[in-house]
Amino acid sequence: MKKVKTPEELKSLQEEIQNSRDPEKPCITICAGTGCLTYGTQKLIDNFNVEIEKQNLKGKIEIRASGCHGFCERGPLVVINPQNIFYQRVGFDDAEEIIKETVLNGKIIDRLLYIDPLTKEKIFHEDEIPFYKRQMRLVFGMNGNIDPNSLEDYLAVGGFNALIKVLNGMEPEAIIEEIKTANVRGRGGGGFSMGQKWEATRNAPGLPKYIICNADEGDPGAYMDRSLLEGNPYLILEGMLIGAYAIGSNMGYIYVRNEYPLAVKNIMIAVEKARELGILGKNILGSGFDFDVVINRGGGAFVCGEETALISSIEGRSGEPRAKYVYPAERGLYDKPTNINNVETWANVPLIINKGAEWYRSIGTENSKGTKIFALVGKINNTGLVEVPMGITLREIVYDIGGGIPKDRKFKAVQVGGPSGGCIPESHLDLPVDFDALSEVGSMMGSGGMIVMDDCTCMVDVALYFLKFLEEESCGKCTPCREGVHQMRLILERITEGNGKEEDLNTIEWMGKAIIDGSLCALGGTAPNPVLTTFRYFKDEYEAHIREKRCPAGICKALITYTVDPETCNGCMVCARICPTEAATGEKKELHTIDQEKCIKCGACFESCKFDAVKVS
Amino acid sequence: MKARIKEIIDKYDTDKGFLVPILQDVQREFNYLQREVLHLVSAFLEVPISQLYELGTFYKAFSLEPRGRHEMKLCTGTACHVRGVPLIKDNIGRILQIQAGETTPDLEFTFETVNCLGACALGPILVVDGEYHGNISISKTNKILKKLGKKVKIDEES
Ligand SMILES: Cc1cc2nc3c(=O)[nH]c(=O)nc-3n(C[C@H](O)[C@H](O)[C@H](O)COP(=O)(O)O)c2cc1C
Ligand code: SF4
Ligand code: SF4
Ligand code: SF4
Ligand code: FES
Ligand code: FES
Numbered sequence: 001m002k003k004v005k006t007p008e009e010l011k012s013l014q015e016e017i018q019n020s021r022d023p024e025k026p027c028i029t030i031c032a033g034t035g036c037l038t039y040g041t042q043k044l045i046d047n048f049n050v051e052i053e054k055q056n057l058k059g060k061i062e063i064r065a066s067g068c069h070g071f072c073e074r075g076p077l078v079v080i081n082p083q084n085i086f087y088q089r090v091g092f093d094d095a096e097e098i099i100k101e102t103v104l105n106g107k108i109i110d111r112l113l114y115i116d117p118l119t120k121e122k123i124f125h126e127d128e129i130p131f132y133k134r135q136m137r138l139v140f141g142m143n144g145n146i147d148p149n150s151l152e153d154y155l156a157v158g159g160f161n162a163l164i165k166v167l168n169g170m171e172p173e174a175i176i177e178e179i180k181t182a183n184v185r186g187r188g189g190g191g192f193s194m195g196q197k198w199e200a201t202r203n204a205p206g207l208p209k210y211i212i213c214n215a216d217e218g219d220p221g222a223y224m225d226r227s228l229l230e231g232n233p234y235l236i237l238e239g240m241l242i243g244a245y246a247i248g249s250n251m252g253y254i255y256v257r258n259e260y261p262l263a264v265k266n267i268m269i270a271v272e273k274a275r276e277l278g279i280l281g282k283n284i285l286g287s288g289f290d291f292d293v294v295i296n297r298g299g300g301a302f303v304c305g306e307e308t309a310l311i312s313s314i315e316g317r318s319g320e321p322r323a324k325y326v327y328p329a330e331r332g333l334y335d336k337p338t339n340i341n342n343v344e345t346w347a348n349v350p351l352i353i354n355k356g357a358e359w360y361r362s363i364g365t366e367n368s369k370g371t372k373i374f375a376l377v378g379k380i381n382n383t384g385l386v387e388v389p390m391g392i393t394l395r396e397i398v399y400d401i402g403g404g405i406p407k408d409r410k411f412k413a414v415q416v417g418g419p420s421g422g423c424i425p426e427s428h429l430d431l432p433v434d435f436d437a438l439s440e441v442g443s444m445m446g447s448g449g450m451i452v453m454d455d456c457t458c459m460v461d462v463a464l465y466f467l468k469f470l471e472e473e474s475c476g477k478c479t480p481c482r483e484g485v486h487q488m489r490l491i492l493e494r495i496t497e498g499n500g501k502e503e504d505l506n507t508i509e510w511m512g513k514a515i516i517d518g519s520l521c522a523l524g525g526t527a528p529n530p531v532l533t534t535f536r537y538f539k540d541e542y543e544a545h546i547r548e549k550r551c552p553a554g555i556c557k558a559l560i561t562y563t564v565d566p567e568t569c570n571g572c573m574v575c576a577r578i579c580p581t582e583a584a585t586g587e588k589k590e591l592h593t594i595d596q597e598k599c600i601k602c603g604a605c606f607e608s609c610k611f612d613a614v615k616v617s
Numbered sequence: 001m002k003a004r005i006k007e008i009i010d011k012y013d014t015d016k017g018f019l020v021p022i023l024q025d026v027q028r029e030f031n032y033l034q035r036e037v038l039h040l041v042s043a044f045l046e047v048p049i050s051q052l053y054e055l056g057t058f059y060k061a062f063s064l065e066p067r068g069r070h071e072m073k074l075c076t077g078t079a080c081h082v083r084g085v086p087l088i089k090d091n092i093g094r095i096l097q098i099q100a101g102e103t104t105p106d107l108e109f110t111f112e113t114v115n116c117l118g119a120c121a122l123g124p125i126l127v128v129d130g131e132y133h134g135n136i137s138i139s140k141t142n143k144i145l146k147k148l149g150k151k152v153k154i155d156e157e158s
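Residue numbers (the working numbering), protein chains in the order written: chain A, 1 to 617; chain B, 1 to 158.
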């Protein structure tokens, strides 16, 4: 592409692209997000391309591989435009039929449609699906309409309008004022005001100033930052460009974990193309403003997501946090004023500039504005990424959007906020989801992981899971976190092994408080949250483990036994064939039994018995 | 070896600010961060060897030991955890007779756990030599391991 030299030139390029696109031209969009790729979508894309070749349709039908559409549960997803027909669970071999029937003949293929599980109605269009209907996909929705490697696609959906507006004479102070008025809070966990941080960095003495995009996404159960970066890298760049301009920075870093190869690749391509077009580099659009970005691949340590640790990691040292007597806004990267924001936070910037702070403020609750993307996962029917307005209730997310719990099991809790967050029980399902309400119940917005749990999830085990994770990830710099989390893990482990003592209940509580008070960074400062919330809401489960040596959910190995129910077993012999220790035995068509001496509780028989004859107790 | 390392370092303009990515590329090239390799990197970049070992031990992605011919990565992210990964993890460990994070003595298998792979809808996920297997169970992993030459009892009839 030719370099653009003024905002007007960029605008006319955008219009040129928009005008050259025929809205009636058939376009097949295939989701190529990480989830759908795992289903093997690449093969489907290849088949579409082969089919187009074969039928001589090149140039007549467009094929677009996009980022994640959010509804990963039903992947591979295909959307056919202009009709906006939504196909799900598409097979590799369906490519030919889709082109012949739907694209060329306008016929709908019934078996690929989504069926509303409640009404049993077939749904034709993406936006009519209950999963999407209750969402507000302001930031994430664009993903489905663009090929992340195509700058033209981004321009075609109105991309860089905000940058054009800003470089057309908006003063940096006015931009900061707009962001402050919008009252956006950081999506990376802490929920700090974005505008205030920008202002502090702008006003801090010292040059150069740096901005950083935090794409470390260390939460072991979340993937929205990755999906944004993979699916819409130009949106992040646009947000960063505006931020840099407002703050007075010429250099930005994107810190993305190396385990996200597709995100790394897509953002690298985006940066390259943006440079070619002249929206990164020197004298951007003739404004005199210089800005460029460096992609930094993180080594994959949770604590590196913490801003001071991240900065130390960019500087080429191991990622250890430091005490924040001085904020990065004053002394950050290479001791210079540095503004760091999360991927999703940056992604909100163009929206605010385009639509205005007042409009933005109208969405959400008193102190939490806009939308938030959650990774809705675990024991939930509709696994995926959901973007909802702040203030929506957990119940709406879990039931209306998420479609409830699989196999009609009973909802037990939803864990929000990852390792710093907490488990929220059914009694709080009507809680409006925003920064403050979540904190009030002992949880946190955190990263936006939302893990749904049913009655076969053991809450002590979940708490132990997070503790183990944090113990491993603690950088070890300060004692309360290093030793405290370790000790707490030992206690929980003891409880799950049936050796819990009555006084453990007390110890957990005071120890948790001590770790929170004494830790240097927020990793330790929030580490006890998963334990303390499960403790607060599911104390009975702890008590069952300690007093009755019983795991009510049937998870903790030391406290369960596998037995065969004589009523249901029909002697199919499967369990005997697979049991690694020959604990499960029996004759053909006769009742099988499990020798408890030999059984190592591997769970293989439980999983494989087709008649649910193996019971856990 | 020397030339290849030089090439990688040149790609980053011999910039010390890219230590982590340089080591990532070096590891990909040489399977693991062996001592000679680290010494060469240290000499080229003029950084103390201790700093490289600091990074090599701090970041999970780095390995100072040789890695196995087959790489098994089990997702132990939260969503996969609640869908039954612990039993699958124990099962793989029992069959390979190693703990997660280790390599079998015959250098056939390296077994690791990873955080969320972004495919929770298909959880639990096991990645074998780069290939993703979704909705895995004990019996599915057993079949995979059997294919790769391990002796495991599977139900032939199903
Ligand atoms: C242990 C720990 C891990 C963190 N991990 C992340 C992360 O993966 N991504 C992120 O954006 N912020 C993370 N944070 C928050 C950052 O320190 C920082 O507050 C954030 O990047 C600021 O951006 P925001 O204001 O846009 O949220 C983490 C914080 C702590 C204490
Ligand atoms: S709280 Fe934990 S992670 Fe944070 S500095 Fe202390 S030891 Fe390191
Ligand atoms: S697999 Fe189930 S039904 Fe078959 S023999 Fe074993 S317990 Fe009985
Ligand atoms: S749990 Fe495992 S060891 Fe025990 S009987 Fe079942 S298959 Fe055999
Ligand atoms: S990856 Fe396709 S919908 Fe998420
Ligand atoms: S937790 Fe395993 S893929 Fe997300």
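Source of the hints: derived by calculation from the structure; they are not laboratory data. Glycine residues also receive a C-beta, built at the ideal position from the N, C-alpha and C atoms. Check the hints yourself; a few may be wrong.
[Claimed, not checked] For lysine-lysine, the following DSBU-like pairs were computed, each having C-alpha atoms within a straight-line distance of at most 30 Å: (1) A:107 <-> A:410; (2) A:598 <-> B:151; (3) B:150 <-> A:598.
[To be verified] Coverage of chain B stretches by chain A, computed from C-beta distances (three or more under 8 Å per stretch; other residues unrestricted): (4) 1-13; (5) 36-46; (6) 56-70; (7) 100-109; (8) 144-150.
Against the structure, the hints come out as follows:
1. A:107 <-> A:410: Outside the cut-off at roughly 40 Å; violated.
2. A:598 <-> B:151: With Cα atoms ~20 Å apart, residue 598 of chain A and residue 151 of chain B stay inside 30 Å; holds.
3. B:150 <-> A:598: Since the Cα atoms of residue 150 of chain B and residue 598 of chain A sit roughly 22 Å apart, the hinted pair holds (cutoff 30 Å).
4. 1-13: With 0 residues close enough to chain A, the hint is violated.
5. 36-46: Since 0 is below three, the answer is violated.
6. 56-70: holds (count 5)
7. 100-109: Result for this restraint: violated, n = 0.
8. 144-150: violated (count 0)
Checked against the numbered hints given earlier, the structure breaks hints 1, 4, 5, 7, 8 and satisfies all the rest.
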